[in-house]
Amino acid sequence: MKTRNISLPLYLIWLFVLVFIPFLIMLFLSFTKTRGLDFSHLVFSLDNFKDILDPIYFDAYVNSIVLSAIASLLCLLIGYPVAYILTNLKSNKLKNILLAMFILPMWSNMLLRIIGWEILFNPHSILNSIGISFDLIGSPLAIIIGMVSTYLPLMIFPIYTSLNKLESSLLEASYDLGASKFQTFKSVILPLSLPGIYSGLTMTFLPSATNFALPERLSGGNINLLGNIINSNFGKSFNYGFGSLLSVILISVIFVLVFFINRKDKDGDLLL
Amino acid sequence: MRKNIKLLLSFLLISFLIGCSPNTKNESLYILNWGDYINYDLLDKFEKEYDVEVIISEVESNEAMYEQIKMNRTSFDIAIPSDYMIDQLEKEHLLKEIDYSLLKNYDKKMFSTISSEHAPESKNFIPYFNGTIGIMYSTKNIKDIKKTIEANGWSTLFDDGLIKNAKVGMYNSSRDAFAASLLHHSYSLNTNNDSELNQAYKSLKNTKYNVYGDDNLKKNIVTGNLDYALVYSGDYYEELIVATEEERTINFGYYVPNNTNYWQDGMVIPKDAKNYELAHTFIDFMLEDENAIENTEYIGYASPINSVMDYLESDNEYDYLTSDPFYNPNEIKNLKPESFKFLGIEYMIKLEELFTKSKS
Amino acid sequence: MKKSSKVLLVILALAVLYIPILIICFLSFNDSLRPYEFSGFTLKWYSEIFAEKTLYEAIINSWIIALFATAISTICGTFIAIRISKLKQKHRQTVMFLNNLPIVNADIVTGISLMIIFSILGLHFGKYTMLLAHIFFCIPFVVLSVLPRLKMMDENSYDAARDLGCTHLQAVFKVIIPAIKVGIISGALIAFTMSIDDFIISYYTTGDGFSNFSTWIYSRLNRRSFSPAAYAYNTIITFGLLIILIYINLNSKGDNKHEKKH
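Chains as they are written, first to last, in my numbering: chain A, 54 to 325; chain B, 222 to 581; chain C, 1410 to 1671.
There may be inaccurate statements among the hints.
Ranges between beta-carbon positions, derived for each pair [what the hints assert, rightly or not]:
id, chain 1, residue 1, chain 2, residue 2, range
1, A, Pro62, C, Asp1572, 19 to 29 angstroms
2, B, Glu318, A, Ile59, 50 to 60 angstroms
3, C, Ser1413, A, Asp229, 21 to 31 angstroms
4, B, Asn386, C, Ala1424, 29 to 39 angstroms
5, A, Trp67, B, Asp505, 45 to 55 angstroms
Pairs of lysine-lysine residues, derived as DSSO-like cross-links and limited to a Cα-Cα distance of at most 30 angstroms, are as follows [to be verified]:
id, chain 1, residue 1, chain 2, residue 2
6, C, Lys1499, A, Lys146
7, C, Lys1415, A, Lys218
8, A, Lys143, C, Lys1560
9, C, Lys1411, A, Lys143
10, B, Lys578, B, Lys330
11, A, Lys146, C, Lys1415
Here are some chain B residues the structure puts well away from chain C; computed CB gaps all over 10 angstroms [claimed, not checked]:
id, residue
12, Lys269
13, Ser278
14, Glu338
15, His339
16, Asn345
17, Gly382
18, Tyr408
19, Val463
20, Asn512
21, Tyr541
These aren't lab readings, by the way, just hints derived from the structure by calculation.
Beta carbons are placed, not taken as given, at the ideal position from N, Cα and C, and that holds for glycine.
Generate the whole structure from the sequences, applying the supplied hints.
Structure representation (structure tokens):
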């Protein structure tokens, strides 16, 4: 009986220590000027809150939101039909092979995939031998392509799962009642797959907006996203206070998002 | 099911054994270094000679090195920061004193004049390499690029349109980028004057750089994907060494304007070092002539050790290096070097902020 | 949708995913060290995987961390999920809210949070902190993938087993776990996939010069110490697995009952 009783409380303590306490520490650091975790030289200050409104960081926020939004919408535009096609494939063999092919890229190292694009996007590249030359490094397009390529599977699978849950009897009922294919899609399939879409959007938008290696490689350091700013505040300028404030804001946004998804999703199993 | 559990358990056991295989070596030496900044063969040699394990971590900037030492997630025995960072570490009491009696290969007079004249204030470092910053360029895409750069010096990095449609790269390091800009305006590298810094900032902001990078700058120039960029001397000479060894055509060059940043990196022992004596053994090992030469041949930076440079000069194989006008900072004609001083951590943050601002 | 446009769309999606992977594959056969020129076909990078000591170690490290993180998080996650499934709806939703946080949280924030708490706890950074971090972000995925299977299970089967004289553990192992096997396996697969490819969280929680494949690549990019053997390893993993998966699929009997649920 013991195992049964302690596993959950232990897990809650574990989450408390590894999620909640760091959050409180960062919240605390947000109100200080500090160099690293040097608690002996803490100075309380609200400077971080002034800094956050500094226009120099605005570009990073705007870039994060706009580029990631475009990328996740593109993922949705490609991912939804693909998931739909996959669900309706008659041949199980083909379906499984295609599913495997969509999972597999996640097994290829993310950094190497980004480097693959980086190599292609430079004017002098191996493509020159077949007469093609891109010059995209530093352009928003390069970053968007990189994001779509990196996170597309995270859009396809939640939608595929939610479409798969649809009972075929429901669709038949809809057709029996005289609905056209489009009507059925609009009023039955789409609403019922909305949870998958929400989860797909979250799973593509958030990592896109906060990755730092991707914009670093594909923009030649010219386009900064939120992740780059946080990374450089912790790693380079050692400004833990400001880095913490940005992280705290980010977590808060995510809290709200998870809360929202959680409300929509009574089963609590939406994210996969 | 039972079979599966057995399988799982045995697989766990095996992987656990691999994961925790006891260390056969006696001691471990932890080194904090820049990327590609030591001849890795020397590490193998050191491991064999002293029956120790060398564990090396690599970072890409002085600031990252400072962060690692200060946070002490790993207790490093040796670190190799640059001059101004050595002073910063010293002032924050993050360095251990060096016991010179443990270094039998050390002699104060073994280092070049320029290295001693521009040494940091701290006494607790041993010079490792020294160099300058300059402009590395590719001769692939633009004719007369060499002439233009030699005629305009630092200005080539800032005046857009001086070379039409050129692709320019800048070091993604606030101190170095500002150094180039301050030199372009003929200000001191160590100025804390707001209006001077502001002018430097404006020049950086008004220029469009295709790439802010570190090691990728030299690669991009060799490829022709960048036309020129600010680099450390060793970035160029490393590429030169590799290209010469592989007998490739060399379509890139390097120019150092007279007023430049002279820097030197030194080996230091961080205060949390656990292997104080082994650290000295390592420093001594690196000072040994044969090893210092091997290291210099690999890395591309010039050694501040006189005997090493003498050896390179006596060997015909290295003529292409030693006859290069900018290779050895000690012998660059008309050089007006200035080294970085430690100007306080507030300065470091201010510069980092200005630099971030200049990028957008 | 017309059939041709369907095919086109799937091809487009696959192209977006596979172009960079094919580039890496191509470079793994390139004799030149420089990624912008092709100087001849070679297999030397494939043998170099074992010769390049630091790379080989990093690869082994990645596997060890991923195997351990998967094993531990699968076991813990399964038990936790069993517990959660027995909670009342309202409590379950709250617990799942907490469980989902690390999944949705930005990697960089997770990485920095863990770095801060590990520093404060005075842990020695290295393989164990990295393992701990990986276990941390793997468990929620296992819970998430096991839970729906538990719900599909007949609620009475556990009680029936207990009534027939099984102990709690026996009932769990003989009744519950077989019933949720698919969920456990897919949870383990997701955990493994997340762990072996992780970069950002590993980057913040490692120390001691301990690197996995991703951090090895990041610290050596554009440097002489970077070896195209990394391309070779990545190619083996990606295409090796693809071939295995397709082979299994073609040889299995037509109608698989459980599709891969990810």
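Results for each hint:
no. : hint                                      : verdict
1   : A/Pro62 to C/Asp1572: 19 to 29 angstroms  : holds, 27 angstroms
2   : B/Glu318 to A/Ile59: 50 to 60 angstroms   : holds, 51 angstroms
3   : C/Ser1413 to A/Asp229: 21 to 31 angstroms : holds, 30 angstroms
4   : B/Asn386 to C/Ala1424: 29 to 39 angstroms : holds, 32 angstroms
5   : A/Trp67 to B/Asp505: 45 to 55 angstroms   : holds, 47 angstroms
6   : C/Lys1499 to A/Lys146                     : violated, 40 angstroms
7   : C/Lys1415 to A/Lys218                     : holds, 22 angstroms
8   : A/Lys143 to C/Lys1560                     : holds, 28 angstroms
9   : C/Lys1411 to A/Lys143                     : holds, 15 angstroms
10  : B/Lys578 to B/Lys330                      : violated, 44 angstroms
11  : A/Lys146 to C/Lys1415                     : holds, 17 angstroms
12  : Lys269                                    : holds, 13 angstroms
13  : Ser278                                    : violated, 5 angstroms
14  : Glu338                                    : holds, 31 angstroms
15  : His339                                    : holds, 27 angstroms
16  : Asn345                                    : holds, 23 angstroms
17  : Gly382                                    : holds, 28 angstroms
18  : Tyr408                                    : holds, 31 angstroms
19  : Val463                                    : violated, 7 angstroms
20  : Asn512                                    : holds, 18 angstroms
21  : Tyr541                                    : holds, 18 angstroms
Checked against the numbered hints listed earlier, the structure breaks hints 6, 10, 13, 19; every other hint is satisfied.
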